[in-house]
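Enquirer: Residues per chain are reported as follows:
2 protein chains.
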Amino acid sequence: MAADNEMVLFADEDICLPGSGRIPGKSWKILVADDEPDVHEITRIALASYQFDGCKVELLAAYSGADVKEILARENDVALILLDVVMERENTGLALVQYIREELNNDLIRIVIRTGQPGKAPEHEVITRYDINDYTAKTELTAQKLFTAVTASLRAYASLKTIEANRQGLERIIHSNASLFESRSLSQFATGVLDELKGILKLNLSTACCQTSLYAATTGGQDIIVLAARGDFKDKEGLPIQAVFSPELMARFQRVWDGEENLFAGDEYLGGVQTKEGARCLLYFDGCSTLSTVEQNLVRIYTTNVGIGFDNLSLTREIVETQKEVIYTLGEIVETRSKETANHVIRVAEFCYLLAQKYGIDPTCAERLKLASPMHDIGKIGIPETILHKPGRLTKEEFEIIKTHAETGYYILKNSKRQILQTAAIVAWQHHEKWDGSGYPQGLSREDIHIYGRITAVADVFDALSHKRCYKDAWSMDRIMELFKKESGKHFDPALMDIFLAEKERFVEINERFPE
Amino acid sequence: MAADNEMVLFADEDICLPGSGRIPGKSWKILVADDEPDVHEITRIALASYQFDGCKVELLAAYSGADVKEILARENDVALILLDVVMERENTGLALVQYIREELNNDLIRIVIRTGQPGKAPEHEVITRYDINDYTAKTELTAQKLFTAVTASLRAYASLKTIEANRQGLERIIHSNASLFESRSLSQFATGVLDELKGILKLNLSTACCQTSLYAATTGGQDIIVLAARGDFKDKEGLPIQAVFSPELMARFQRVWDGEENLFAGDEYLGGVQTKEGARCLLYFDGCSTLSTVEQNLVRIYTTNVGIGFDNLSLTREIVETQKEVIYTLGEIVETRSKETANHVIRVAEFCYLLAQKYGIDPTCAERLKLASPMHDIGKIGIPETILHKPGRLTKEEFEIIKTHAETGYYILKNSKRQILQTAAIVAWQHHEKWDGSGYPQGLSREDIHIYGRITAVADVFDALSHKRCYKDAWSMDRIMELFKKESGKHFDPALMDIFLAEKERFVEINERFPE
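For the record, the sequence lines run as chains A and B. Just so you know, the first sequence maps onto residues 1 to 516 in UniProt numbering. Just so you know, the second sequence maps onto residues 1 to 516 in UniProt numbering.
Next comes chain A alone, as it looks inside the complex:
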């Protein structure tokens, strides 16, 4: 097949660019700028079989300043310009030097002046005043001299390009911190790691890199769990590494695990890092061309950097989870005392979160409400058991005492500056207020009741109705909906009732997920 043949040809022509793996069909671009066609011809002949670092050259021909500008606008990786001074104007060449360095801000391209009229552009002045890299008079330019000048220039270009690629890669790593350190979950973090890695290596011009990649780490237990994966390992997230890697890959992985921090084998990379907090992370990818030293170094730095991010996120997660569990424990303790079940507070939190999201509250506030709402009955700690556990109907006086729990809760929580506890204070205070002003303790109505209070009221009542209590059976959804329709605009905020009716399946789902 023709296409196949072409591909093979390209593969044979593999040519390398500095700082990168071999890229098919690439070569060093040299721009010959001269108004004499002969010069182009001679240069072409002299460099016909020329190679540097295993790569041929591609000559681009410019006959005027305009040509040069047009070519440089089109081609972003010209390595060298062999530049005549006198073209359409006496100083065309020198003006181009300024244009390239100052307007294009291109410091990488090597500029070699070749002048036929040294009198018009004296060597001493030109090399001093202009940011060029070599100066020759055409009269003294032998094929050997051209060969030397081109080789020295391409070598310098390659060095600069390599360090520059490295610099860009490092900047990209720093930049990547912004997104990585923002991740809320390990899988979001790990996916970010693979995305950023691709970006970092792409800068170095490798093609088709990291088609298959994987980030794994210990997350508490002994196993290394796949947190994110691409290509061949797609959909392997959550599995231990030994269930994903082939035996051969496991053997190489074992070497990394046993001490070698990084293993570059052909187009494959395995990098392990032991984090300060004692976790172990693994970064794997293949499908690249062989990585250059610069790229290997970038990958090494990145692997370590990512380890720091992993630690950071793990610590934050542990604290967030602890905070959540402590709050739930607190809520449960209070509810257990008033004979509610442990899952009551979890369900209330989920109902609140759902209502808050659909109501359009800022996501951070919605999360805060989710965390705070389990504390809504905290004030019941101050209600005597005799009243709290009274089997029959409460007297008016007893009910007045029960009602104090809203204010008691508020006073327990209000002094904290922490936003979750401030949210909890509002919820404790206002979750028995009613839309029509007939609630307690303040008798607030409509929007004077904080949205946190309005939401928690719905969540709390729905949970009580939809579950069996010692004094009542569980209500059917139909019966609850009937009541809610009636209470819309009386007990409850009508907007929240609309949300409830539209999303009732999700409320039922939450009940099923956290049964009594």
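Hints are computed from structural coordinates only; laboratory data are not their basis. Hints are all accurate, no fakes.
One copy or two, it doesn't matter: identical chains are merged, so the pair holds either way.
In silico DMTMM-like links for lysine to aspartate or glutamate, alpha-carbon gap of 20 Å or less:
#1 490 <-> 448
#2 414 <-> 318
#3 414 <-> 321
#4 324 <-> 367
#5 138 <-> 123
#6 276 <-> 367
Since chain A is already given, all that's left is putting chain B on it; use the hints.
Expert: Okay, now just chain B, sitting in the frame of chain A:
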């Protein structure tokens, strides 16, 4: 004064190095390696008045391969070597090229071959096989050619050095994340920021940089508070920026605040960053020489990067503080129910932390115990008020019920995987065990009681004794010490009693800090 005169002379000689500010007394180092003294002499004459980029050259003379190696070992910033091929051996020069590039791994130094016997080292072969930057035959080397070769070489060296300095600065910024993201407090973070900044700029060869520096940020309120400061602003930590900056500096600061992200004015830098979380950070320093473009760019990147770190730390701090307050609230609620005061749990936490530290427990575990210990009586939630609040002596049966609070607390907490809650479960379960085995609920003795339990026992009893309760007066320190000496090895772990006796002042201090 002589010393003053000398300083002025140096200042007049200001000479610049690439990628840095002006550095007094510096020049471009060129190593001339040739076994013919005449060549050294001619080179010296030709370059006598030579300058590149406003800087003179300093010629270093080597007459053999050994000389070259010795000089390169001593001087780490040689820009160019003018290298003869045939010296003590026919290939001395070429062997040196390999030595420099491969053994010294020095890719920055420019190597120009100057050979008197081109036959011994043919140009084509040499430029192809060796990593050199130019090749000339001495016969064709005019003063002008030398001038061009030296200028082109120094220019290339300066470019490489600039990008390399930038690369190193970026690597350093990445490296700095490791320490910055580990900071536990804002002031530790801010101090780290200033330290790392110094390191990042030092790489670029500036001298006496950042003598005065300052890092400030909003930490909740409107004011920008100084978090760390050096030099002139030393000891200004904790103050708002307007109390620290002069009116002139405040005016420049205002410009940064009003929109200009970075302000480089002479040897002064003011950089502001608005973080994603809405905080604002300010980085200030002076006392540097004027910063190069590379350095300015590094500082800009660093300022942004530090903003990310600041956000990260602020978020973690908010969560940690919330967690702490929630736990304390939980502890307080339980204690209030059993008529203890709110500060009881705070003091117990502090006593535990002090004992744990002095006992030599791992700092992370000590912090964990501090957070967990307020939950020690959480099981009392299950004790009926009639018993909990009984004014007189408890019956044997009632005391048996009271004793259940240890196990109840354990069951409430034990199912969590979170380390703080696991710690709290141990504390709840074992804080009434006694060293001699006479405690409850399990009757454990000696090291069978977890150190967390042994520590909390001391802390809890000390707090009860040293404060007034409805059933007893506050005991004097003397009386407590007498009891503790008696109970060492009976109720309490003798090692903890030794610590208590040695640190008794600090226990009294904590009592004074958190009074009833």
